[in-house]
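Dock chain Z with the ligands against the given chain E, drawing on the hints supplied.
Chains as they are written, first to last, in the working numbering: chain E, 1 to 592; chain Z, 1 to 410.
Keep in mind the hints are simulated off the structure, nothing from the lab. All C-beta atoms, glycine included, are put in the ideal place defined by N, C-alpha and C. There may be inaccurate statements among the hints.
Cβ pair distances, simulated, as ranges [said to hold, decoys possible]:
| hint | chain 1 | residue 1 | chain 2 | residue 2 | range |
| --- | --- | --- | --- | --- | --- |
| 1 | E | Pro-550 | Z | Gly-160 | 32 to 42 angstroms |
| 2 | E | Leu-309 | Z | Gly-160 | 25 to 35 angstroms |
| 3 | E | Glu-355 | Z | Asn-161 | 53 to 63 angstroms |
| 4 | Z | Gly-292 | E | Gln-318 | 39 to 49 angstroms |
| 5 | E | Ser-153 | Z | Tyr-27 | 44 to 54 angstroms |
| 6 | Z | Glu-301 | E | Gln-318 | 44 to 54 angstroms |
| 7 | Z | Asp-177 | E | Pro-550 | 46 to 56 angstroms |
| 8 | Z | Thr-34 | E | Gly-144 | 32 to 42 angstroms |
Example chain E residues on the side facing chain Z (calculated, C-beta under 7 angstroms, incomplete) [unchecked claim]:
| hint | residue |
| --- | --- |
| 9 | Asp-9 |
| 10 | Gly-177 |
| 11 | Gly-180 |
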Amino acid sequence: MSKRHIVVDPITRIEGHLRIEAVIDENNTIVDAYSSSTMFRGIETILQGRDPRDCGLLAMRICGVCTGTHYQRSIEAVEDAFDITIPKNARIVRNLIQGALYVHDHLVHFYHLHALDFVDVVSALSADPAKTAEEARKWAGVAGVSPYTDGESEFKAIQERVAKFVKQGRLGIFGNGYWGNKHYKLTPEQNLIGVAHYLQALDIQRDLAKMQAIFGGKNPHPQSIVVGGVTCVQDIQNPARIALFKQLLSDGTKFVKQAYLPDVYMAGTMYADEATDSKATFTELIGGKGVGGTGGGLLNYMSYGDFRLDDTGFYKAQTLFPSGIVYGGDLSKVEAVDHEKIAEDVTHSWYEGSEPLHPYNGQTIPKYTGLDKRDDGIAYLKTGEKYSWIKTPIYNDTRVEVGPLARMIVGVASKDERITKYVTNFLKRGNLPVSVLFSTVGRTAGRAIETELMADVMMEWVDELAANAAAGDLRTWTEFDFDKVSVKTKGMGLAEAPRGSLGHWVRVEDGKVANYQAVVPSTWNAGPRDYKGRMGAYEASLIGTKVADPEQPLEIIRTIHSFDPCIACAVHVVDTKGKSLGVYKLDSQCSI
Amino acid sequence: MAERIDGVRKLFTSKSARVDTNRGDLYYQQLFDTCRARLDALREQPAVNRLDFDSLLTDEGQDRREFMKWVSAVTAMLMLPPMFTPLVAEAAELMNRLPVVWLELQDCAGNSEALLRSDGPKIDEIVLDIISLEFHESLMAPSGHQAEKQLEDAMEHFKGNYLLFVEGSIPVGAGRDWCTIGASGETFLDHLNRVAENAAAVVAVGACATFGGIPAAAPNPTGAVGVMDVVKGKPVINIPACPANPANMVGVVLHYALTGQVPELDSLLRPKFAFGYRIHDNCERRAHFDAGEYVEEWGDEGAKNNFCLYKMGCKGPMTFNNCSIVRYNEGVNWPIGVGRGCIGCSEPDFWDKYAYERPMANANIKAPTGGVEKTVDQFGLGLLTAAGIGIGIHAVASAVAGKREEGGEG
Ligand code: SF4
Ligand code: SF4
Numbered sequence: 001m002s003k004r005h006i007v008v009d010p011i012t013r014i015e016g017h018l019r020i021e022a023v024i025d026e027n028n029t030i031v032d033a034y035s036s037s038t039m040f041r042g043i044e045t046i047l048q049g050r051d052p053r054d055c056g057l058l059a060m061r062i063c064g065v066c067t068g069t070h071y072q073r074s075i076e077a078v079e080d081a082f083d084i085t086i087p088k089n090a091r092i093v094r095n096l097i098q099g100a101l102y103v104h105d106h107l108v109h110f111y112h113l114h115a116l117d118f119v120d121v122v123s124a125l126s127a128d129p130a131k132t133a134e135e136a137r138k139w140a141g142v143a144g145v146s147p148y149t150d151g152e153s154e155f156k157a158i159q160e161r162v163a164k165f166v167k168q169g170r171l172g173i174f175g176n177g178y179w180g181n182k183h184y185k186l187t188p189e190q191n192l193i194g195v196a197h198y199l200q201a202l203d204i205q206r207d208l209a210k211m212q213a214i215f216g217g218k219n220p221h222p223q224s225i226v227v228g229g230v231t232c233v234q235d236i237q238n239p240a241r242i243a244l245f246k247q248l249l250s251d252g253t254k255f256v257k258q259a260y261l262p263d264v265y266m267a268g269t270m271y272a273d274e275a276t277d278s279k280a281t282f283t284e285l286i287g288g289k290g291v292g293g294t295g296g297g298l299l300n301y302m303s304y305g306d307f308r309l310d311d312t313g314f315y316k317a318q319t320l321f322p323s324g325i326v327y328g329g330d331l332s333k334v335e336a337v338d339h340e341k342i343a344e345d346v347t348h349s350w351y352e353g354s355e356p357l358h359p360y361n362g363q364t365i366p367k368y369t370g371l372d373k374r375d376d377g378i379a380y381l382k383t384g385e386k387y388s389w390i391k392t393p394i395y396n397d398t399r400v401e402v403g404p405l406a407r408m409i410v411g412v413a414s415k416d417e418r419i420t421k422y423v424t425n426f427l428k429r430g431n432l433p434v435s436v437l438f439s440t441v442g443r444t445a446g447r448a449i450e451t452e453l454m455a456d457v458m459m460e461w462v463d464e465l466a467a468n469a470a471a472g473d474l475r476t477w478t479e480f481d482f483d484k485v486s487v488k489t490k491g492m493g494l495a496e497a498p499r500g501s502l503g504h505w506v507r508v509e510d511g512k513v514a515n516y517q518a519v520v521p522s523t524w525n526a527g528p529r530d531y532k533g534r535m536g537a538y539e540a541s542l543i544g545t546k547v548a549d550p551e552q553p554l555e556i557i558r559t560i561h562s563f564d565p566c567i568a569c570a571v572h573v574v575d576t577k578g579k580s581l582g583v584y585k586l587d588s589q590c591s592i
Numbered sequence: 001m002a003e004r005i006d007g008v009r010k011l012f013t014s015k016s017a018r019v020d021t022n023r024g025d026l027y028y029q030q031l032f033d034t035c036r037a038r039l040d041a042l043r044e045q046p047a048v049n050r051l052d053f054d055s056l057l058t059d060e061g062q063d064r065r066e067f068m069k070w071v072s073a074v075t076a077m078l079m080l081p082p083m084f085t086p087l088v089a090e091a092a093e094l095m096n097r098l099p100v101v102w103l104e105l106q107d108c109a110g111n112s113e114a115l116l117r118s119d120g121p122k123i124d125e126i127v128l129d130i131i132s133l134e135f136h137e138s139l140m141a142p143s144g145h146q147a148e149k150q151l152e153d154a155m156e157h158f159k160g161n162y163l164l165f166v167e168g169s170i171p172v173g174a175g176r177d178w179c180t181i182g183a184s185g186e187t188f189l190d191h192l193n194r195v196a197e198n199a200a201a202v203v204a205v206g207a208c209a210t211f212g213g214i215p216a217a218a219p220n221p222t223g224a225v226g227v228m229d230v231v232k233g234k235p236v237i238n239i240p241a242c243p244a245n246p247a248n249m250v251g252v253v254l255h256y257a258l259t260g261q262v263p264e265l266d267s268l269l270r271p272k273f274a275f276g277y278r279i280h281d282n283c284e285r286r287a288h289f290d291a292g293e294y295v296e297e298w299g300d301e302g303a304k305n306n307f308c309l310y311k312m313g314c315k316g317p318m319t320f321n322n323c324s325i326v327r328y329n330e331g332v333n334w335p336i337g338v339g340r341g342c343i344g345c346s347e348p349d350f351w352d353k354y355a356y357e358r359p360m361a362n363a364n365i366k367a368p369t370g371g372v373e374k375t376v377d378q379f380g381l382g383l384l385t386a387a388g389i390g391i392g393i394h395a396v397a398s399a400v401a402g403k404r405e406e407g408g409e410g
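So that you can see chain E by itself, here it is in the shape it has in the complex:
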């Protein structure tokens, strides 16, 4: 048979350890794909038996990239269990910590993890700096702004710097890239713009991270959130801190509007053909309507909703991102999310179990069955059996995709005014059809749209915080009687991490964690096939993609990167009910 099997391991420029195997036919079109995570730590097992107030710090270490998101969800799950509503200052501070993460994380993703899938660094060497400046003005013009990097001399200097780097032989982290691949579609000038912004974004992201540190103490892994509120009283009452935050935010916003968005217009336009080429999609293959284009995949999108805008407490407050589900890319309908319909399946995951279970009843007993050992130095996944450490989350017995694109799509389908305005503006300015969203490029665009929205809205929030503190409200914590509320209870923290829907579920008994489970964004997207043999979002999104050169899996990593994989956090062990891997006692050290 002329089918070929491509193994890509490691998938780089992601967080965690991910392997993709793809099968291509004689036309180099992907006809089958498998997504596998090959790393396991077991953090949920580690959480059992601990004081629920300490979970946040530990659970945060599920991921060093969505830094602080797991922290907040974990704390909120406990607050939900204890029925605590946090004060206004705490709510806004948490929104700012998480909002800063969104802007930072999306920017780093686009430039440092994803851009090299679109930008050919070597091609930038042959760009004409004068024409590059012109090109930059053109795309900034599309966005209605002046370009971030302007002027021939600036581009020339950057080009010379890169030329020196390339000439000296060893390319370091740029070595062995897919330079020259036919599926790089940008012109040399456009590539030079991309390279320039890649370098500048290194600086910008460092400043954006400081925003999180102002109210979080440090980045990554902030430390100011506690059950009941936040601890950063001195930072919210200090006008200099507020001013610094605003300064960093407005500098970052400038880059977002004048570099990031124009660059996405540029890439979006250059790749618009395949983004709207419904022939290439997975839906077509499964008999769907054929909306969207290359990389579209499942076309079912879910968001839990996030960023509370008032102080009415969990799951009652109005949120910036609405919750909901959109099926089949049909923007005319949105269904409400019912968390009871969430389940995890382990048919193809390295765990024991026979049926999908709700997270509160989740069971995870490692059952590693290994890889197929072959002589040619490649060990293939046993794809008919178990082949990943990631479980397979299922909503209402279907597979769904989560992430920034899902949030934008659910927002539009819910007729949310703010989100619809940002999405519509984006498409109008770029002269792009709606269908462009249902693709690899769309996923990247969704993230950019969200970044701009977040940056704008945070400015409102920080003013609100400053005004509240100035009016004399310095409350940052809600008191609770731990001994009373922690006897026997359970709670959940459901929200949206930058990469998508994130939930932590906790059961508390006698002041200790009896059971803990997290279902994270990359689990939804990167999970292997389910008990019915249905593909996950990564797998589905690869089907139908044509690979220009099977030796250079550029198209595979481009589509996988569009999800912004974060794999360490997708892998976890839950309560092994009566089969715990060890007993852990804290009592001896934990009394006051």
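Leaving out everything else, chain Z with the ligands in the frame of chain E:
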């Protein structure tokens, strides 16, 4: 057992846990000569990466003066007297002779993220450019076999010369075969050993790579351990904390460029320049500790007045690290600044020993005491678990071995 406890007592009360910042003129003169010779030798070596330092400075929009300010700050951080400033500057310029390979094992990428946030005005970017980062999964362009080839190539080309940074722990227990890298499905353990074999030295960054970190927290489902428990016959430098402070990563590389040796290490293989003192020794809230003024509950009047966080579980008194001086994100803030207290993330087993909201039951700190040093040592001892003792003793052995191998201290 008595014997082991005795050993640990020595460890925790010996001078090795303190920093000696003034060792006399003769010592520094000798060190100066060593560094001078090292830098000359380094200059002779072919550059891995021929980027011109001065033009990089200009490209970055920095001038020489700003750079020199950074250099003198780093010199102080490395606990060297001002006469070393020009040498440190030279070492920074010669870092393009130092290839670096960075591996990620059971990690969360927190240290890679921290590296990207490296502070010290913008100089880090130059450092990133300069040190010729040969392999770093989170940042490198190629994936799959092209990425693997890049690693092979670097290992071959720089045999015996590259610094290996490791982020994340290594499962050696139940999870030993569960974690694999690359198309061939090599285990983390084999992978690390193979790449470490030809490294000049191995730098473990973050709580996980140093002491096992969160995967090794009880009940340690995968049998995770740190690098020093796996890699043998190589100098190992530990830069713990969660994540490690990027200033300390840069410090170690600079120190290596400057002296060709691993920096002086404490009993847990941590560079003394960074881990030679307690958070508590340099804490901005220390005056409140001594005055007996504490935050008693989150959000109370004490919190609004930045009182000491000891009663809210601050583990600053038992944690060796320099974040009370260096801070995070270009000095913008740090955990105690933000009112949450220290969780002891640079200490072994801190997830099981320190990372909770309340003070330790037997901490026995009463303010104002003046005698805090003593009490701290006492409870530090009281809480050492058998595992802690094992690590401690192992560490002494490796530290001694390391020093012999390197022919002296930096
Ligand atoms: S040390 Fe901390 S930041 Fe690093 S990998 Fe471990 S948990 Fe993540
Ligand atoms: S106990 Fe903590 S907050 Fe208090 S002085 Fe010591 S280090 Fe600072």
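- Query: For this structure, which hints from the list above don't hold up?
  - Reply: 2, 6, 7, 8 and 11
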